[in-house]
Structure formats: C-alpha cells, structure tokens
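Required output: the full structure, derived from the provided sequences and hints.
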Amino acid sequence: MINGISINYYLLLSTVLFIIGAIGVMARRNSIIIFMCIELMLNAVNLLLVSFSTLHNDSSGQVFVFFIMAVAAAEVAVGLAILSMIYRNVKSIDTDLLSNLKN
Amino acid sequence: MLGYTITQWIFGILSFLAIMLALMVVFSRNPVNSVLYLVMTFFCIAGHYLLMNAQFLAIVHIVVYAGAIMVLFLFVIMLMNLNEDTEPQRTWLTKIIAGVAGGMLLFVLVGSLKGAEQMQLSSYGASQIGLVKNLGKVLFSEFLFPFEIASILLLAALVGAIMIGKKEIK
Amino acid sequence: MLSVILVKLLTCVIVFAISLGVAAYATLWERKFSALLQDRVGPDRAGPKGLLQPLADGGKMFFKEEIIPNVSNKFLFILGPSLFMVTALMTGSVIPWGKDFSTASGNVYSFQITDINIGVLYLFGVVSIGVYGIMIGGWASNNKYALLGAIRASSQMISYEIAMGISVIALIITAGGTLSLREIVAQQDAGVANVCYQPLGFLIFFVCALAETNRAPFDLPECEAELVGGYHTEYSSMKLGLFLFAEYINMFISSAVMSAFYFGGYNFPFAQELYNAMGLHEGSIWISIIGFGAFFTKIVIFICVFMWIRWTLPRFRYDQLMNLGWKILLPLSLLNLAITVGVEFLRGNLHF
Amino acid sequence: MKGLLILSGLGIIAMLAEIFKFKKLLLPIVLLGIVAAYATNFMDWNKNFGISYFNNMIAFDNLALAFSGIILVTAFFWFILANDYFEEDSNTVDHFALVLFALVGALMLTSFKNMTTLFLGIEIMSIPLYVLAASKKNDVKSNEAGFKYLIMGSLASGFLLFGIALIYGASGSFDLLEIKSYITNNVASMPAFFYVGVVMLLIAMCFKVSAAPFHFWAPDVYQGSPTLITALMSTIVKTAAFVAILKLFMVSFSNISQLWSATLAVIIALSLIISNFSAAMQSNVKRMLAYSSISHAAFMLMVVLANVRSSLSVNALVFYSLAYSIGSIVAFGVLYNVSRKGNEGIEAFNGLGKRNPLLAMCMSVAMLSLAGIPVTSGFFAKYFVFTTMIGTGYKWLLILAVTTSAIGVYYYLKIIIAMYFKSSDGEEVVVVEKSQTLVIVLTTVITLVIGILPNLIGNMFEF
Amino acid sequence: MKLTNRSKVVSNKEQSAMEKMYLPGILKGMMITGSHLFKRRATVKYPDELRPIAAVYRGQHVLKRDENGAERCTACGLCAVACPAEAITMESAERKKGEEGLYREEKYASTYEINMLRCIFCGLCEEACPKEAIFLTDRIVDVEFEREDFVYGKDKLVEKVDKRVDVTKRQTIEVAEFKKLPGLKHNQVFEGKKLKH
Amino acid sequence: MLTLLLIAFPFLGALILFFSKTSAAKTIALGITLVEFIISLGLFFLYKHNPDNCQLSFEKDWVSNLGIRFDIGIDGIGLLLCLLTTFLLPLIVLSSFKNEYEKPFNFYGLMLVMQSALLGVFTANDGFLFYVFWELALIPIYFICLLWGGEDRGRITFKFFVYTLFGSLFMLVGLIYLYNHTNVNGLKSWNIIDLYNAGHALNATQQSAVFWLIFIAFAIKMPIFPFHTWQPNTYVNAPTQGTMLLSGIMLKMGTFGVIKWLLPVVPLGVEEWGGTAIILSVIGIIYASCIAIVQKDYKRLIAYSSIAHVGLISAGMLAMNQQGIQGAVMQMLAHGVSVIGLFLIADILLRHTGTRDIDKLGGIRSMNGNFAVLFLIIVMGAVALPLTNGFVGEFLLINGVYQFSPTLALFAGLTIILGAVYMLRSYQKIMLGERTDSNVAFGALAGSDKAVLIIVCIVIVTFGVYPKPLNDIAEEGVKQLLTYIK
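Protein chains in written order, with my numbering: chain A, 1 to 103; chain B, 1 to 170; chain C, 1 to 352; chain D, 1 to 463; chain E, 1 to 197; chain F, 1 to 486.
FYI, nobody ran anything at the bench for these hints, they're computed from the structure. Careful, some of the hints might be misleading.
Simulated restraints on C-beta separations [claimed, not checked]:
1) D:213 with F:98: 54 to 60 Å
2) E:122 with C:225: 35 to 41 Å
3) F:450 with D:438: 46 to 52 Å
4) D:433 with F:447: 35 to 41 Å
5) F:24 with D:434: 48 to 54 Å
6) D:216 with C:323: 42 to 48 Å
7) E:5 with B:158: 50 to 56 Å
8) E:57 with C:52: 33 to 39 Å
9) F:24 with D:438: 46 to 52 Å
10) A:90 with F:151: 45 to 51 Å
11) D:357 with B:92: 18 to 24 Å
12) C:323 with D:184: 57 to 63 Å
13) B:92 with C:323: 48 to 54 Å
14) F:151 with B:92: 52 to 58 Å
Some chain D residues close to chain B (C-beta under 7 Å, calculated; not the full set) [as the list claims (entries may be wrong)]:
15) 101
16) 104
17) 120
18) 124
19) 127
20) 131
21) 391
Built from N, CA and C at the ideal position, the CB exists for glycine as well.
Structural data, given as structure tokens:
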C-alpha cells in the first residue's frame with residue numbers, strides 16, 4: 001500500500017513541516033503560538049521516525065514516537081502552567097513584553 | 001489516474017494539506033484558528049501514519065495530540081480570551097527575516113537530504129510492525145527502561161504543573 | 001466485492017439511521033420516563049401516546065428562526081455543534097451490533113461498519129475530539145456563560161477520560177489483551193459477561209460515561225442555575241438541536257459500548273440453547289437479528305438507567321465533580337487495575 | 001543503577017512528606033539518600049565495567065559512575081546550602097521532589113547508552129528545572145526565566161529529536177554502539193542526512209549547554225531564576241549535559257570527527273569571545289556568572305573537540321566538571337547570602353571583606369578558581385584542558401582560550417575588588433547560617449585541596 | 001427560637017464509612033424514585049377530564065335577577081366595601097320610567113365590574129349583599145389572553161334571563177335567616193342608622 | 001631538605017601570623033625573615049662549587065600520573081637569588097616599622113607567603129611547580145597592593161594582575177607544549193632537564209613559537225617595552241613594601257625565568273628572535289630613561305628607572321653569552337639592593353615632607369646630613385659608578401651586548417649616562433638647593449630606616465669593592481647553564 005513512495009518524500013515533508021514550525025517560532029510573538037509551533041516541529045520528527053521505522057521495518061522508531069508524545073504532553077502541561085502564571089502577573093503573553101531581564 | 005497509484009494520490013493530498021495547514025497555523029491571525037489548523041494538521045499526519053500502516057500510533061497520536069494537548073492549548077487560549085484584536089504582530093521586517101532564515105535552513109536541509117532516493121519504504125503486506133501486539137512487545141522488552149523512567153518524567157511534570165498552577169497559600 | 005461495499009454502505013446508513021432514531025426517541029423517552037418517575041403522564045398529545053413528539057420537536061427545531069450572535073465568530077459558531085454531532089455519530093462505527101451472518105453464496109456480512117483492531121482506542125480518540133465541538137461552540141458564542149460552560153465541559157470530559165481509560169485497560173487485560181470491540185464481545189460468547197470479572201471497573205466506567213456524556217448528575221456544563229444554558233446558551237434552532245441530539249447519541253453509544261464491554265453485547269444467557277432449540281445454524285441471519293435484539297434491549301436498559309439516575313440524583317458542585325474524578329475514581333481505577341493484574345497473573349494469563 | 005533507583009524513590013518519599021507530616025525530617029532523609037546513592041556508586045566502581053541494564057539502554061560503567069559521583073557530591077552540598085530556601089517556600093516538598101527528579105535525569109545522562117535514554121534523560125532533567133526556574137510565582141522575572149528556559153529547551157529538544165530521527169533513519173538503530181558500528185562499517189556510503197543528523201544533535205546539545213551562538217537564553221534564565229536554582233543549573237545540569245556530549249561525540253561519532261569538529265571549533269571560539277566580553281560588561285553578578293558559565297562550557301567543549309580517545313580527556317572533563325561545580329557552589333552560595341536583600345548587582349559585594357571576612361575569603365578563592373589561578377582546582381581544570389588540546393590541530397583555539405581567559409580574570413577580580421576595596425553603604429554584618437557557612441567553607445577547602453593535590457581526583461578516575 | 005415544631009437541627013457529624021461510599025445511598029434514592037414507576041399517575045387530563053367540584057365551590061360570580069327577570073342589585077356598594085381584594089367597582093343610576101321590569105328597585109348599578117385577577121374568591125361579597133344579588137357559583141373563570149378581558153362587566157356577570165344560574169346550594173335558608181338578623185352592619189344601613197365606628 | 005625548609009618556613013610563619021592575629025606581627029615577621037636569612041646563609045655555606053647539577057634538592061611525587069613532581073634544588077643562580085630574597089625581606093620588613101598598617105598580621109603574613117612563593121620560583125626544578133609558584137607569587141602581592149595600596153588601587157592592581165596572568169597563561173601553554181614533547185622512557189616528564197631536552201629536539205619554528213609563548217610572561221613580569229604599561233602606576237600605588245617586593249624581587253622572577261627557563265630551553269628560538277627582543281629592551285631603556293628624566297614624582301621616577309635597568313639586564317642575557325648572563329645575574333642582585341634603598345628613601349621623603357614631588361623638595365642636606373650621605377651612596381649604586389656593586393653587573397652586561405652587536409651596545413650604554421642624568425639631577429633637586437616650604441623641618445631619621453639604609457649602603461659598597469664570592473657563584477652557574485644551551 002505504501003509501495004512506490006520514496007523515503008525521500010517523507011524526509012522532504014517532515015523537513016518542510018519542521019522548518020515551518022521553526023519559522024513560526026521566529027515569526028510570532030504570541031507565546032502560545034510559539035509553543036504550538038514547537039509541537040509542530042516535534043510532529044515533523046514523529047512523522048520522520050515513523051517513516052524510517054517503516055523503511056527499516058523496525059518497531060523501535062514507532063516506540064520512540066510514544067516517548068516523544070509523552071514528553072510533549074509533559075512539556076505542554078508545564079509550559080501552559082507557566083504561561084498562565086505569566087498571564088496572571090502580566091496580563092499578556094506577548095514575548096516582546098517579556099523583556100524584564102535585559103539590562 | 002495520471003500514472004499515479006491511489007497511495008500516491010493520497011500521499012500527495014495529505015502532504016499538501018498538511019503543509020498548507022501548517023502554514024495556516026503560523027500565519028493565522030486568530031490564535032483559536034491556529035489551534036484548529038494545527039489539529040487538522042495533526043489529522044493529516046495521522047493519515048500519513050495510517051498510510052504507513054501504523055494504526056496504533058495514528059490513533060494514539062489523535063488521542064494525545066488532538067485530544068489532550070491541543071485541548072489544553074485551546075483551553076488556555078480561551079481562558080486568556082485571546083483573539084485577533086489582542087494578537088501581537090511582529091514587524092514585517094522580523095517576519096521577512098524569519099522567513100528568509102527558515103528558507104535558508106530549508107534549503108540547506110533539503111540539499112543535504114539528497115541521496116535517500118534509492119531507499120523505498122518496504123511493502124505493506126510484510127509490515128506488521130505498527131500493530132499493537134508488536135509495538136507492545138518491543139515497548140515492554142527492549143524499551144522497558146525508558147518506559148518505566150518516563151513515569152518519573154510524567155510525575156515531575158505533574159508535580160511541576162500543579163506547583164506552578166496552584167495559588168500561593170498565604 | 002461490489003456487494004460487500006454495498007452492504008457496508010447499507011450498514012452505515014442503518015447505523016446512522018438507528019443512531020438518529022434512537023436519539024430522537026430517547027428524547028421522548030426521557031420525558032416519558034421522567035414523567036413516570038414523577039407520577040406524571042408525559043407528552044402524549046402528538047400522535048398516539050405522543051409518539052410523534054420527536055418529529056414535532058425536530059420540525060420545530062428546523063423551522064425556528066436561526067439566531068447567530070453578531071459578535072460571535074460565525075464560522076466557528078456553526079462548526080461547534082456540527083463537530084459535536086459528527087464525532088458523536090462516528091463512534092457508532094466500531095460497535096459490533098450482531099453476529100456475522102453468511103449468505104448462501106458464502107459471502108460473510110457483519111453487523112458492524114468496521115472492525116479495526118484498535119477499536120477501543122478509536123472510541124477514545126473520537127470521544128476526545130468531541131470536546132472540540134463544545135469548546136469551539138462555547139467560545140465562538142462570545143458569551144461568558146457559554147465560555148464557562150465549554151470550559152467546564154471540556155475539563156470534565158478530559159478528567160474523566162483518564163479514569164475511564166484505566167478501567168478499560170483493566171477490562172482489556174481480562175478480555176485477553178485485544179483492543180477490538182468485536183473480539184471483546186466474541187470473547188464473552190461462551191463465557192461469563194465481563195462485568196462479573198470487572199464489577200468495580202464497570203462501576204467506574206459507568207460513572208465516567210455519565211460524566212463524558214454530560215448527563216446528570218454531572219451536567220455541570222449546562223447547569224441552568226449558574227450558567228443559564230451553559231455552552232449552548234447562545235444557540236437556537238437546529239444548531240441547538242444538534243447539541244441536544246448529539247448528547248443523546250452519545251448516551252446511546254456509551255450504553256452500547258458498556259453493554260459490549262461488560263455485558264456481552266449481542267450475547268445473552270443460554271443463547272446457544274435457544275438457537276439450538278430454534279434449529280438455527282451458525283451464520284444464520286436470524287441469530288444475528290436475535291443477537292441484535294438482545295443487544296438493543298441491553299442498550300435500552302442502560303438508557304433507562306441513565307435517565308433514572310438523572311431524575312434521582314441532584315447535580316454535583318463543580319469541586320465535588322473534580323474531586324470525584326481525580327481523588328476517588330482515578331485511585332479506584334488504579335486499584336482495580338492492580339487487582340486485575342494481580343489476579344490475572346495468579347491465573348497465569350500474564351507473564352512477566 | 002541503584003543510585004538512580006534511590007533518587008527516584010527519594011523523590012517520591014519527598015512528595016509523601018507533606019501527607020505524612022515529616023517535612024522537617026526531609027532534608028536529613030534526602031541527604032542520607034544521596035550519601036547512600038553515592039555509596040552504591042562507589043561500590044559499583046570497577047565492578048560491572050561494561051555491564052549494562054535493560055537491553056543496553058543504560059550502563060553504569062566507570063565513566064558514568066565518576067560523573068554521577070560528581071553530580072551527587074554537588075547535589076549533597078547544594079541541598080545543605082538550600083536548606084533555608086526550602087524552609088521559606090510553601091511548596092517545600094514539591095521543590096524537593098523536582099530537584100530529585102532532575103537529579104535522576106542527570107544520572108541518566110551520565111549513563112545512557114541509547115538515544116531514547118538520552119532524550120528522556122534530558123527531558124527528565126529539564127522539565128523540573130523549567131518549573132523551578134519559574135518557581136517564584138509573583139516575580140515576573142522568574143516567570144520569564146522559566147518560560148524562556150522552557151521555550152529554548154523545547155526548541156533544542158526539537159532539534160535533538162530531528163537529529164536522532166535522521167541518525168535512526170540512516171543507521172536503523174537508537175543504540176549508541178550500533179550506531180557506532182554502523183559508522184565504522186559504512187564510513188564511505190552514509191547518506192548525507194546522517195551527517196545532518198549529527199550536526200543537528202550537536203546544535204541541540206549546544207543549546208542545552210548554552211554554547212554560543214545558542215547561548216542567548218542563558219543569561220536571562222540564570223538571572224531570573226532563584227539564585228539557588230541557578231546554582232543547580234550551572235553545576236549539575238552543565239555537568240550532565242557535558243557527559244552526554246562527551247559520550248555522544250567521543251564515543252559514538254568519533255569516527256566522523258572531521259565532520260563536526262570544525263563546527264564545534266567555531267562554536268567554541270564564538271562562546272569564548274562572546275561570553276568573556278559580555279561577562280566583562282555585566283553589573284549583575286548572576287548574569288555575569290551566566291556568561292562565565294558559557295565560557296566554561298567552551299572550555300569543556302574543547303575536551304570533546306580534542307577528541308583524544310583516552311583517559312586523558314575523560315579525566316580532564318571529570319576534573320573540570322568537579323572544579324567548576326564546586327567553585328560554582330561556593331560562588332552561588334555566597335551570592336545567595338549576599339543578595340538576600342534583592343540586590344544582585346556587583347555592588348552587593350561591596351565591603352564584604354569587612355562585613356564577613358570568611359565569606360569574602362571563600363568567594364575570593366572561588367573566583368580565583370573559576371579564573372584558573374594556581375593552587376585552586378580551577379587551575380588544574382584549565383591545565384588538563386590545555387593538555388588535551390595541545391596535541392591537536394586547533395592551536396589557534398588554544399591561544400584564543402588563553403587570551404579570553406585572561407579577560408575572564410577581569411570580571412572575576414571585579415568581585416574581589418568590590419569585596420575588599422569598595423565600601424558599602426551600610427556596614428552591617430552579613431549573617432550566614434551555620435550549615436551554609438559549613439558548606440561554603442568545605443567546598444572552598446575542597447577547591448584548594450584538589451587544587452594542591454589533583455592526584456586525589458586524577459588517580460581516582462583511571463579509565 | 002423555634003417558629004414551628006417541625007424544624008430539624010442540622011447535624012454535621014462525620015459520615016460513617018458506609019455512608020461515605022455513597023453507593024448505598026444512591027441506590028436507596030434510586031429505589032425511591034423507581035418505586036414511583038409503579039405509583040398511580042396523578043395527572044388529570046383537564047379539558048378531557050374534570051375533577052369533581054364541591055357543592056359549595058366558590059367560582060365565577062353571578063349577579064342574580066329576581067323571579068321577574070329584574071336585576072336585584074341596588075348598587076348599595078356593600079360588596080365593594082366588604083371585598084378584601086378591592087376587586088369590585090360599580091356606578092349607580094336611578095331607575096327611569098319604564099324600566100321597572102329591568103331593575104327591581106329605584107336604584108341600580110349602571111356599571112358593575114369585578115376584576116377577576118384581583119378577586120380571591122373569598123365570598124365576602126356574597127355575604128355582604130343584603131339583596132341576595134351576588135353569588136359565587138361553581139363555574140370556573142375562563143382563561144383570557146388580555147388582562148383587560150379579566151375585568152368582568154355586567155355583560156358577563158348578570159345572568160341571562162333565559163339561562164338562569166342555579167345558586168340554590170349556596171342560597172340556604174340559614175344564610176337567608178342570618179342575613180335578616182338585626183344589628184348586622186348592612187341591616188343597619190338598610191335600617192337607616194348611622195354606622196358606628 | 002634545607003631547601004624545603006627554606007620554602008616552607010616562611011609559609012608556616014605566615015600561617016602563624018594569619019591565625020594568631022597578633023598586633024606584634026612586625027616583630028615576629030622580622031624574626032622569621034631573619035631566621036630565613038640564616039637558613040639561606042646555611043645554604044650558601046653548604047653550596048659546593050663547580051657543580052654539575054642541582055644541589056640540596058628535595059623530590060617528591062606530586063601528580064604522579066602527569067609526571068608532575070615536587071622537585072626543588074639549588075643551582076648557582078638560584079642560590080644567589082635566594083640569598084637576595086632572604087636578605088631583602090628583613091630589610092623590607094624593617095623598613096615598614098614606621099608604617100602602621102591595618103591588620104598587620106595579614107600584611108606581613110602575605111609578605112611571607114610571597115617570600116615562600118618567590119623562593120619556590122628560584123628553586124623549582126619542575127616546570128609545573130615553577131609555574132605554580134610563579135602564579136602563587138602573584139596572589140599575595142595582588143592582595144597587598146589591593147588592600148594597602150594608594151588611591152585608585154582597584155583599577156591599577158587589577159591591570160597589573162590581568163597583565164601578568166595573561167602572560168603566565170601563555171607560559172603555561174608553552175610549558176605544556178614542551179611537556180607534550182618530553183619522552184623519558186615513554187613517559188612524559190616535567191623535569192627541567194627533560195624539558196631542556198624536549199626543547200632542543202624541536203625545530204626552529206616550533207622553538208620560536210615556544211619562545212614567544214614563554215617570553216611574553218617573563219617580559220610582562222620584568223617588564224620590557226611594550227609590556228610595561230602596568231608597571232609605573234602599580235609601583236606608585238602599591239604600599240612602599242609592596243613596591244619593594246615588586247621591584248626588588250618580583251622583577252627578578254622575570255629575568256631569572258629567562259635565564260633558567262627560556263634560554264636553555266629554546267636556544268634556536270632565542271637565536272631567531274633574541275635580536276628582536278634585545279631591540280625591544282634597548283628601546284625600553286631609552287624610552288624609560290627619557291620619561292624618568294622628566295618625571296616629577298620621585299617614586300615614579302624610580303619606577304621608570306627600574307624599567308631602564310631591567311631593559312639592560314634583559315638585553316644582556318638575551319645576548320646569550322657568558323658575560324651577558326653573568327652580568328645580568330650580578331645586576332639583578334645589585335638592582336635589588338639599591339632599588340629597595342631608593343624606594344625607602346622615597347617613602348621617607350613622603351613621610352617627612354608629605355610629598356614626593358621633586359620640584360617641591362630641596363635643601364634637605366642642610367637639615368639632615370647623614371641622610372644625604374646615605375642617599376648619595378645609594379644613588380651612586382644605582383647609576384653604577386665604579387666601586388659600587390652596580391658597576392660589575394653593568395659592565396658585564398654592556399660587554400655581553402657588545403659581543404652581540406656593537407651598535408646596540410652603544411645604545412644600551414646610554415643607560416649609564418641617562419641614568420646618571422636623572423638620578424643625580426633628582427638628587428640635586430631634592431637634597432641640594434633652596435629649602436622649600438614643604439620641608440621646613442626634616443627631622444632625624446627613625447632608627448629602623450636608618451638601619452636599613454646603612455645596611456643597604458654597606459652592601460653596595462662591600463660588594464662593589466669585593467664582588468668575588470658572588471661573582472664566582474654566578475660564573476659557575478652561568479657556565480653550567482651555557483652547557484645546556486650549547
């Protein structure tokens with residue numbers, strides 16, 4: 001069913017997704033969106049891992065994806081907790097306003 | 001159809017959608033829309049997983065990302081009541097710089113990804129690795145330690161999130 | 001091949017129709033049943049014994065004026081209820097409604113839209129997507145009550161999904177480690193219904209199912225005393241109808257899932273004896289239909305229990321709801337899981 | 001392995017303390033636990049060389065044990081130092097648990113043998129620290145620090161994972177040894193994306209150890225976080241991350257060093273220049289220490305760059321980590337006590353020579369050690385690094401390192417000058433708790449002792 | 001202080017382990033509601049079925065005519081005075097020549113209105129009436145859509161000549177006798193004496 | 001063993017001072033330094049002439065796996081510098097008797113640590129140990145200058161510290177480079193002889209690189225133009241005793257380093273680049289002398305004169321011949337003694353008149369004749385007139401440079417003339433001429449000051465007249481050294 005698709009296409013697809021995520025991190029000011037873009041990057045990695053896993057006919061790639069998911073969930077939980085705390089204090093999540101630490 | 005197999009068509013459509021939706025995530029002005037686009041991107045990616053016969057992963061992907069993580073995002077965005085009006089915008093210059101930087105990175109990466117053409121994905125029939133049973137066997141034998149230690153990770157995240165989230169008791 | 005596809009299509013349509021029909025009549029039955037519990041008569045004007053009431057309601061919903069708040073996000077406002085409805089309907093596709101039957105030509109047809117080997121997870125996946133409908137709808141209304149209702153609903157659904165999932169894991173362990181609903185049901189074919197092995201698990205699942213479907217006593221999201229109408233405060237006409245309808249479909253499906261998981265689905269005691277007595281052979285369509293009947297009876301009983309509970313128990317307070325979910329059900333389900341694993345290990349079904 | 005288990009257990013015990021009301025006993029318990037973990041470490045020494053656990057997921061060979069030992073020692077001192085930090089906070093047990101979990105992650109990073117454990121180790125170590133960095137809830141700076149740390153950490157994780165995925169794609173395994181054998185067998189015919197993966201891994205790890213040009217988050221994070229958490233970040237986290245780099249690049253990817261060494265050299269050079277010049281311009285001591293930690297990172301990376309596959313470089317890194325950790329513990333301990341009133345600027349140190357001579361002396365020793373002046377451990381640390389580097393082709397880097405570390409002396413001395421030369425506004429005595437004084441003095445003494453007798457450590461770790 | 005002896009003291013005592021499980025409690029509750037499944041329906045399908053009404057039911061008012069068909073009411077106003085809800089208003093007029101068949105006495109009520117929304121159907125008007133002109137009947141007041149329609153004028157109150165309303169059950173002899181007792185307020189007025197306050 | 005005692009004794013004394021916190025620190029310190037002097041005299045007498053290697057050495061493994069040993073011993077040049085150190089230290093302590101320092105125990109303690117480190121530098125036979133002592137010497141002087149220095153001490157000491165550390169790090173790199181090339185039975189070694197051998201084995205390019213790496217450290221310490229910018233300010237700002245230590249002994253660390261740790265190690269490198277270094281030194285001589293001439297502050301004048309002198313020393317020894325090096329050794333001793341006297345005089349002037357400005361001083365001779373006499377003797381020592389100890393060294397130095405290049409010798413010889421100009425001119429301005437307002441009453445000298453000055457004068461004259469014992473030792477030491485170089 002997957003015959004006829006070169007791994008190259010998957011590589012390309014995940015790279016493009018990864019880069020889109022990276023651009024998002026750079027181009028947006030909204031902390032939550034930045035965070036979401038990071039999730040997008042992780043998903044690009046997941047896709048890549050799964051495709052490689054299929055390529056090698058080896059389950060470990062897919063298992064690795066589970067760990068990435070677990071970590072992503074943990075990171076998001078912590079991250080959003082921190083974000084909402086910031087929002088409580090600053091009433092904004094604009095990254096440009098978060099510059100109290102510059103001398 | 002036009003010399004492509006159904007799989008290739010599906011692949012193409014899913015990929016196109018995924019990329020378009022991912023772009024929408026980045027460029028949508030409304031955070032809620034961004035979340036929804038991202039959810040849809042995840043669905044496309046789940047579609048790819050199905051295409052590669054990673055059914056279990058596909059559904060777990062939906063449950064974890066779309067069902068839990070993105071709901072949390074939506075939750076926070078809604079609680080903060082963010083919408084287009086409150087959305088801060090970077091200057092065009094920054095955006096262009098980000099775009100150019102990203103484009104260059106893409107260029108470099110794509111350029112360096114040459115040489116993988118000859119690697120074809122193995123055939124569908126033989127590939128049963130995505131099934132729950134196989135995954136479970138690998139997870140609980142080879143990857144037992146990471147699996148166990150991931151509990152520490154989740155515990156830490158749990159404790160951390162609660163500690164940060166709860167109100168300071170005076 | 002074509003006939004298989006046609007049959008599948010037909011099954012789809014039938015399941016779709018049944019879901020909608022059951023949901024529709026569940027609305028009537030809810031009113032009837034509550035009337036019975038309260039020594040009343042209930043609706044009996046439209047049609048004989050009020051049987052056309054759902055049609056009347058539906059007609060009313062369709063023809064009422066559609067109000068979309070000016071300040072709302074129009075697209076999302078419409079998307080919300082639609083999504084909720086779609087996800088509710090999607091859950092029906094993995095439920096095995098009856099035994100397979102074969103025709104003379106040897107084609108085997110099943111009373112199930114599709115049997116995927118991770119059906120349980122599919123259910124969870126689709127249910128978790130259902131949250132979006134409520135959240136989007138509530139948020140797009142641009143109304144404080146709606147937003148609060150939506151947030152309540154989603155956090156409640158997410159919270160209870162955990163205990164639910166863990167109780168299901170225990171079930172899967174007893175059911176021999178399959179994630180396919182058909183196999184879970186088939187596994188109860190000759191033996192005892194799973195509820196005998198998993199009474200606590202069933203209880204937890206049941207409570208969680210109540211919460212997942214936003215049914216009383218967990219109907220905090222639409223708690224009219226506090227939130228006017230909850231997430232559908234701003235909705236009217238058929239979009240409100242979709243919300244309400246989907247809720248009943250959810251109830252229907254969760255009843256079906258419960259009967260499949262814990263009560264043997266289309267199996268019933270002494271089924272084999274009955275079939276033998278009737279002279280039916282394996283693969284006969286009548287076996288399927290009788291099984292379907294049994295299944296449906298169970299579903300109806302569950303729906304009645306849902307309603308019974310609704311009209312008995314007062315609504316929880318929100319903190320109580322969360323406490324119940326996190327501090328009682330979750331530990332209980334973990335305990336249940338531990339016990340299950342222990343027992344199964346002693347029975348020799350598990351190997352480390 | 002036992003150490004890992006003990007620490008995980010300790011974390012859970014810490015969380016139970018609130019429920020069973022033995023919060024007061026927690027610190028002794030934790031200290032005992034760390035000692036126990038250290039003892040098991042010590043007992044495993046040389047015993048199970050090469051024996052790995054769980055399908056080669058993790059292996060506590062001597063290298064891992066040595067670095068775990070450093071981490072545990074640092075943690076021991078840190079906990080004593082932090083005792084009143086824990087008393088102040090209302091979420092005591094959570095803090096305890098989080099720090100312990102971070103330690104678990106750090107130990108994993110010393111012993112990983114598989115990309116999975118590497119990744120999980122990094123995350124287990126980082127996630128508690130994100131929280132701890134943001135743990136001053138009402139302080140916007142702390143929040144901001146936590147957030148920046150988180151975003152940068154996740155971004156780094158993204159790169160790390162992309163790298164891992166590519167390497168997996170090429171080699172078909174996550175196991176370090178298998179990857180290594182893949183490299184040895186296919187040196188000529190590896191797909192290009194494998195190299196990309198390695199470089200991405202390098203970038204990600206540089207993010208984690210805050211080497212330039214991926215360092216921009218570090219000063220902000222260090223400055224905003226509570227002082228003691230900064231101490232934790234700059235000691236344990238750094239050490240663990242460096243072991244990870246060492247294992248990755250010296251063990252797995254050493255065969256293709258020509259690929260990454262040029263990149264690494266540039267990174268080191270940039271780190272040295274940027275960090276030292278920036279540090280010299282800081283007035284906030286925490287920020288300054290952050291920049292200085294970047295320069296130390298560059299030094300430690302030099303060990304990796306030198307790529308001397310012998311005990312020499314491992315020794316060098318062991319010694320450097322230890323010296324740097326201990327020195328930082330002193331520095332941050334003093335800074336913590338000096339900046340209790342909220343002033344973290346260099347002027348907070350004014351007149352410390354009069355206000356608390358002992359503290360001032362310890363701080364001087366720490367600063368001299370960080371600057372690399374003889375008879376302090378920092379000197380030998382630098383010495384070992386120079387020794388590893390001198391045989392390689394990167395002599396220009398060595399010269400740069402020497403030059404910039406002379407600049408480094410400038411900002412370390414600034415503190416000494418402030419302590420002895422500048423007069424403070426108030427002449428009030430800086431009071432320090434006994435236990436903290438003990439730790440500070442003890443670590444100072446260690447700094448001096450291993451500075452005078454580096455053999456104590458050098459002989460201990462013979463690989 | 002207890003206002004009634006039915007109040008209960010709230011107890012906050014710890015629940016026993018059994019009670020804390022709630023399940024028995026819930027089951028008990030469900031049994032209670034469930035038992036109602038088998039109870040008789042309390043619903044009366046009103047327009048189709050009617051409940052039996054007591055003989056002395058106080059429903060819609062009627063202004064009686066005498067045997068000749070003349071209105072009994074003399075617009076004395078005692079009913080209005082007696083009405084606790086102040087639902088009754090009236091205007092009096094003098095009887096003209098040729099109207100003897102219509103009104104029994106020289107004075108009559110040219111308008112007579114009862115606001116049914118205010119009326120509490122206490123029956124005091126009936127008691128106050130010295131002329132036995134107003135009675136409450138067992139008829140139920142109709143529903144209306146407008147508030148104004150609830151103000152019943154003479155067109156609705158006065159019984160039709162050809163469709164007399166039977167009030168015999170209320171017009172008992174005891175009442176009639178009672179009303180004739182001297183010293184009653186309306187008798188005083190009737191007797192031309194001044195009311196004492 | 002005695003060598004170890006030589007190093008350890010002051011250090012122990014310092015510890016006693018640190019921990020006793022006694023107010024009688026001065027006296028104790030004087031006692032310790034005198035005992036130390038006696039120990040070094042003991043060394044002097046135990047020293048056997050015409051050695052072929054180090055004597056009285058003490059060895060112990062330190063960091064065995066890196067080949068680092070605690071290896072100290074005496075050779076001719078080292079012995080002379082040890083003598084100088086131990087001789088000067090009591091004088092320096094004595095000179096401070098009139099100064100009241102805060103926390104004297106710390107002050108004198110640091111001084112003793114410094115002595116210990118200096119002696120370590122002069123006796124170390126292990127490259128690593130040498131570096132350690134080298135750096136160790138830096139720390140006490142840094143604190144002495146920082147804690148007891150004059151205005152603006154923070155910035156200035158800081159510059160001094162960074163400069164010297166900067167140099168020494170390069171030296172470390174150079175030494176490690178050499179160390180990596182050592183091979184003693186397959187092991188690496190830090191022993192000085194092994195380092196010599198390793199250095200010799202290098203080719204000219206490598207030697208040049210090592211030469212510059214190591215030379216920079218010494219050049220900064222001495223200091224040689226253009227690395228001297230830290231020096232005048234530091235000298236002026238440091239407390240008098242600190243200045244004495246800096247100029248009297250610490251400066252010799254640099255020159256000693258060149259002689260023992262540079263010339264024999266990389267002779268080819270020296271041949272290649274020595275000319276450049278000598279030219280730099282000569283430029284330094286002229287430059288410093290010229291500045292000294294126009295200096296108003298007497299202490300600063302001495303500081304610049306120091307640069308000029310050390311330039312000559314450096315030029316002489318880099319010429320790499322018997323005369324040059326021997327002259328350098330002799331000149332080191334002479335300069336050490338006389339510069340201490342000069343700095344004491346500057347301090348006395350300041351104490352008695354409140355100023356060191358040459359223009360504001362004058363006519364002191366008429367008020368205190370004894371002082372004038374002592375001053376004159378010391379000045380004559382400093383300008384190296386015959387029959388003072390400075391003459392021997394200076395003569396040999398110029399001789400050495402002449403062998404290298406007559407032209408350079410001509411310029412180097414200018415140092416004597418220019419030295420005479422600024423020294424005598426300043427003497428004239430201060431002591432002779434009109435009395436000025438600022439020094440109305442120049443009282444009698446304090447006993448301690450007088451004692452120091454007298455001792456200094458005696459030494460100047462004695463060894464000017466009879467330099468043989470020292471000269472012999474120096475000659476032997478240098479000859480031995482030259483065998484390594486060739």
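Going back to the hint list, which numbers does this structure go against? 4, 5, 9, 11 and 21
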